[in-house]
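All chains should be modelled from the sequences, with the hints used to inform the complete structure.
4 protein chains.
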Amino acid sequence: MTRRAFVHRISTKAPDDVSGLRSRIALGEIDPRGIVAILGKTEGNGNVNDFSRGFASASLKIELRRHLSQADADAICLVMSGGTEGAMAPHVVVFEVRDVADAPEASALAVGRSRTADLPFEQLGRIAQIELVADAVRAAMADAGIAEADQVHFVQIKCPLLTLERIARAESEGKQTATRDTLKSMALSRAASSLGVATALGEVDPAAIRDEAIGRDWSLFSSRASASAGVELTDHEIVVLGHAPGWSGPLRIAHCVMQDAIDVEPVRAALALQPGTHLVALLGKAESGTSGKLRGYRHTMLDDSDISPTRHARGFVAGALAGVVGHAEIYVSGGAEHQGPDGGGPVALITTEQAIKHGVAA
Amino acid sequence: MTRRAFVHRISTKAPDDVSGLRSRIALGEIDPRGIVAILGKTEGNGNVNDFSRGFASASLKIELRRHLSQADADAICLVMSGGTEGAMAPHVVVFEVRDVADAPEASALAVGRSRTADLPFEQLGRIAQIELVADAVRAAMADAGIAEADQVHFVQIKCPLLTLERIARAESEGKQTATRDTLKSMALSRAASSLGVATALGEVDPAAIRDEAIGRDWSLFSSRASASAGVELTDHEIVVLGHAPGWSGPLRIAHCVMQDAIDVEPVRAALALQPGTHLVALLGKAESGTSGKLRGYRHTMLDDSDISPTRHARGFVAGALAGVVGHAEIYVSGGAEHQGPDGGGPVALITTEQAIKHGVAA
Amino acid sequence: MTRRAFVHRISTKAPDDVSGLRSRIALGEIDPRGIVAILGKTEGNGNVNDFSRGFASASLKIELRRHLSQADADAICLVMSGGTEGAMAPHVVVFEVRDVADAPEASALAVGRSRTADLPFEQLGRIAQIELVADAVRAAMADAGIAEADQVHFVQIKCPLLTLERIARAESEGKQTATRDTLKSMALSRAASSLGVATALGEVDPAAIRDEAIGRDWSLFSSRASASAGVELTDHEIVVLGHAPGWSGPLRIAHCVMQDAIDVEPVRAALALQPGTHLVALLGKAESGTSGKLRGYRHTMLDDSDISPTRHARGFVAGALAGVVGHAEIYVSGGAEHQGPDGGGPVALITTEQAIKHGVAA
Amino acid sequence: MTRRAFVHRISTKAPDDVSGLRSRIALGEIDPRGIVAILGKTEGNGNVNDFSRGFASASLKIELRRHLSQADADAICLVMSGGTEGAMAPHVVVFEVRDVADAPEASALAVGRSRTADLPFEQLGRIAQIELVADAVRAAMADAGIAEADQVHFVQIKCPLLTLERIARAESEGKQTATRDTLKSMALSRAASSLGVATALGEVDPAAIRDEAIGRDWSLFSSRASASAGVELTDHEIVVLGHAPGWSGPLRIAHCVMQDAIDVEPVRAALALQPGTHLVALLGKAESGTSGKLRGYRHTMLDDSDISPTRHARGFVAGALAGVVGHAEIYVSGGAEHQGPDGGGPVALITTEQAIKHGVAA
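Chains as they are written, first to last, in my numbering: chain A, 42 to 403; chain B, 42 to 403; chain C, 42 to 403; chain D, 42 to 403.
Because the hints were derived from the structure by calculation, they are not lab data. Fair warning: this is a prediction, and the values are worked out from it, not measured in the lab. Warning: the hint list may mix true and false statements.
For identical chains, the list gives no copy identity; a pair is met inside one copy or between any two copies.
[Unchecked claim] DMTMM-like, lysine to aspartate or glutamate: derived pairs with alpha carbons at most 20 Å apart:
id : residue 1 : residue 2
1  : 54        : 273
2  : 54        : 222
3  : 334       : 276
4  : 225       : 344
5  : 54        : 104
6  : 102       : 58
7  : 334       : 206
8  : 334       : 58
9  : 216       : 72
10 : 216       : 276
11 : 54        : 206
12 : 334       : 222
13 : 225       : 104
14 : 334       : 172
15 : 54        : 344
16 : 225       : 252
17 : 102       : 113
18 : 102       : 70
If you want it as structure tokens, here you go:
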């Protein structure tokens, strides 16, 4: 008896298009009881007033409740990332786990998950949040059966943010939040969460981090973290992807780090390492960086008041990555604080040794 | 005695930044008397209300008049292309020709130019414009000493557009223009101009083109045309780049055609053909295409009411190309009617056999 | 026994915020069985990729189904208009009708509704659509008990649009649609629907309209039509507001026509006509017009490639109207083909003779 | 012998359109030697990458140098404000002063100007800047012959900003600038400059201002300041408009304060005070405010990642004002720190007792 991970990449026609998921379930290609997480790219602006994310999440939740109890449906980690700039294709990636009779593989894709306790709002963006997340990453590793940090290749975190109401509640208890700017709280929460991953994976020494470094000292980063802040939770949802004993099936995962927006050779090299395999999903981060330059040449992403830097960066990096992998149905998300170096970002590649049938790694 | 082409790629700090050009002239690296054309990427939106182009052109013209007679300064072909989406770097590319005592090379970069007569406004976007341009392309080839069409690698055309006043003038003479929509006239003028290149280079049989195909039948295209419409002229300015006898120096040019937005392998192959050379300038076109898909996957460029398709396409294609050439100080321009296939576009690569010093191919 | 109309204006915190509607129902202030229509302003871009409208409609439909049978919930006419530019406040306006024991008023607000048969797709944007809508407007007037056209003050129409699939279906039957451009089909459908209102109300002589005038001859218009195209229907939903015998309650309605974007004196005059009343809801249309000028001065709405003309027009007209009525929780919608004169638009004012309690005209 | 102010409002067809100014000069309607200042609305985005301002300033400067010595031309205060959202009309307002033989009027428009010394960069956004500006406002009042603060109705200030280079220079001298964020330095410079006006005019007690209040305590404001930051100067240019003895001609000025974005009644009242007069120019400020609400209703200006709050606010406020004054060729500028209350702004109205001929107050 082993566990086997399935990764289903499904194109979507609109934020509320769940027809692909529904038909996969109807065909028996997806067993809804095994769904652990769904990551998706939706076609809004990826910024504050992006309603495509909420619309997609609500639509997915309604569909999942048709197949599962409400509690089970709501336990599934939904991470919708807005912004399909350039030719990036809107899609979802469904992570499913089944118990199977197959023999274990030496290194098969393993999926683990965990949740933290609620984060006291005054701890958001501070070392306490780093520690809370680091513990949960270890728990998710244990859930997946991953013993060694170097067997972890991607950690997706969904983290909370501050609202005016939450700030008020903290202040009514005499507590001071790290910021009173709600937009900035999203960045700080992603930042602390990513440093939580970095410390859990041994990439950064926790003793070296001070509150002031969070969201500021970009020399500290994880090469495997991907964080997303959402208003709908007050704890953290964590999904760990890696390799572990006790798992079977043809799926594999690799990761690399782009040092800047066009540093695609590591991606090409990672793909070339596994000749004969097919790419099932690419999960990556993009950002404009703080220098205003790329390889010494000035860019205008930070100065464009018509298009936000995150939109520029996603479209440009998606172009660079699509040029390597041969299509643009890839998950490139913005907001990469401490997720890869300044201006760069981590990329995870899920591949299969066999041909993909109907987008399902069979 | 031979002619020698120089290509100077100069970073700009703002649309009106001519300090780089000025200092190159002051240092003697550029002789203003030999400047034939300046192509530039400026940091506006690349659409109707992009004032960065006019500001750049006006600033360059003022600077050139400091060094040349007004007539000579105004004869220089200025093509400013707006839109540096993603990490594309604002810059200009100065084409200069000098008579030198060097021995001719087997295939050195050759530059030729020509202008057409004024285009009667009712001919814009029609076969008469194609024929007018085709003749001028042949004249520019003769100016460069290029006898064979396959020695031409890039043809830049600046073509006129219709204004409400021009339409009224044509109608007052009892003539009917091809369109009464001024924005559409830009596309039609680029379309007919590009088909003019295609027929001059033997890529399309002129007998097969009917008025209705212009701006509609995307199976007809040139793999070497780059057209830009401007309100400031009523004729056409043509610059031909290729190889010809009687030219010297280390500069070479190659071209290829991207079949779609991420078809970068031809670019990689063209660069690999000339090991040891350095890329001096990349000149290419980008567009979103009409299918709404890339390699079978839906994209959202055509449906985004916040960012125009041309801005999406430029940023994304620039990312794909920068991933190959290693930086983003490249000239990627939008509006590619009949310039490469639907959704794709031509790319020209100017390289030098020797190391580049101060960005000048010496 | 009379009918009584209630109009509830409810602020919303987000596109999917139905908490206001829910609490009104819970408090007994709204009886869901009497809801006829809900008009709303949502905070997207109001253009093609505005997901705030669909998200709001889906959220309202789910909420209504909690209180009504699915058939009854789905029969309620939902018109979500995207775009709250400037300080316009996102909100919904709920129209409810109850049978009451009150004595009839001389002129109380009356609400009528109707639906047409499915529109054959080749008739969209043509005279047949005008006739279909005109009949349905008469039916909705009859439903409200309005006998005279001059007692009609506002007609809201939700009309269909063409999709690529619908065009293909028509063509497979050997029919030709009025356009193959799906975006243009929205404008044509609004145009023909508005001319349907105009003919039903005697504002335009149907004999004078030819197919070519639809979406082109702006001298033909209704002063009381408001049309919105949606992909989710293939027929038309019509809601008529006016005064009629047999209705009771303190609500009244008036309308006027703005000749251009700042022609607010008619609105001021209409409000001044009824001293002591309170404004319950303002329903209006805004557009940039085709001249590129306002009162002789050039504007830049039509040339701005960063912000669409509809967004400019809504924000600007909302400012002009808010300056008159004293707040910006008003319904100003774009896309005003044949709805008021070129550059102007109709405005309807729903007022109450008594003080408004909890936003409900009690 | 008196001085007489002339105010010429001239429509522009593009940022670089100086044809109106040129023809007024050619016709003798404007004497270039008397031009003191030119305020203009240009059609860019009004934000960081708005090149329409620089293009307009450069074009005006070139034109002015055709008529004046370079020193005299460059001494003219040019304030180009980007952003003509909604139907706002691009235009310039030229302030000219002539010595005439007319008898003085009791209260004729008076114009005064001054410049400060260079601002040490570490003083930007601090009390020292307030004091520097306050002294210069007094000097400009003296230049105009205005003795009493209540005779001042509008103070336009052009103030410097920090660049990375300026910050570095200050730091190399061991000084600390108020901010290291160049965008924020623009807001701080406008804020301190406006408080300089407020103290000079006795609106705010200088003893009550602390560094921390600058750009934060919105209860402190001037009802007559209008500040604009520009990279091209390191000192401040100040133009004061008011009434003073020794001036002649039919021009008058009044001002009022809008408490919020739709508080137009003070403007209407100010216009009504002078029946029979014509409005020559309206100069006002607009901003979205910090509350996220207008008259208790939520707006979405602060949360829109597609359109900046300043663009929303200008278009909306311009609509409200245009509804009152009857056209939209008005100067409504954004960035109103300490210029009117939070969410509101000052408005100045220049009127003439006589009919305007050719837009010139003769």
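Do the hints match the structure? See the list:
1. 54 with 273: between (25 Å within a copy, 15 Å between copies)
2. 54 with 222: Between. Shortest inter-copy distance 19 Å satisfies the 20 Å Cα cut-off; intra-copy 35 Å does not.
3. 334 with 276: neither (36 Å within a copy, 30 Å between copies)
4. 225 with 344: Intra 19 Å, inter 13 Å, cutoff 20 Å: intra and inter.
5. 54 with 104: Within one copy only: 16 Å inside, 25 Å across.
6. 102 with 58: Classified as both; 12 Å inside a copy, 17 Å across copies.
7. 334 with 206: Intra 38 Å, inter 16 Å, cutoff 20 Å: inter-copy only.
8. 334 with 58: Classified as between: cross-chain Cα gap 17 Å, same-chain 38 Å, threshold 20 Å.
9. 216 with 72: neither (45 Å within a copy, 44 Å between copies)
10. 216 with 276: within (18 Å within a copy, 44 Å between copies)
11. 54 with 206: between (36 Å within a copy, 14 Å between copies)
12. 334 with 222: Classified as between: cross-chain Cα gap 17 Å, same-chain 28 Å, threshold 20 Å.
13. 225 with 104: neither (33 Å within a copy, 33 Å between copies)
14. 334 with 172: neither (34 Å within a copy, 38 Å between copies)
15. 54 with 344: Classified as between: cross-chain Cα gap 12 Å, same-chain 33 Å, threshold 20 Å.
16. 225 with 252: Answer is within: at 15 Å inside a copy they meet the 20 Å cutoff, but 24 Å across does not.
17. 102 with 113: Within one copy only: 10 Å inside a chain, 24 Å across chains, cut-off 20 Å.
18. 102 with 70: Result: close within a single copy only, 19 Å intra versus 31 Å inter.
In terms of the numbered hints stated before, the structure departs from hints 3, 9, 13 and 14, listed from lowest to highest.
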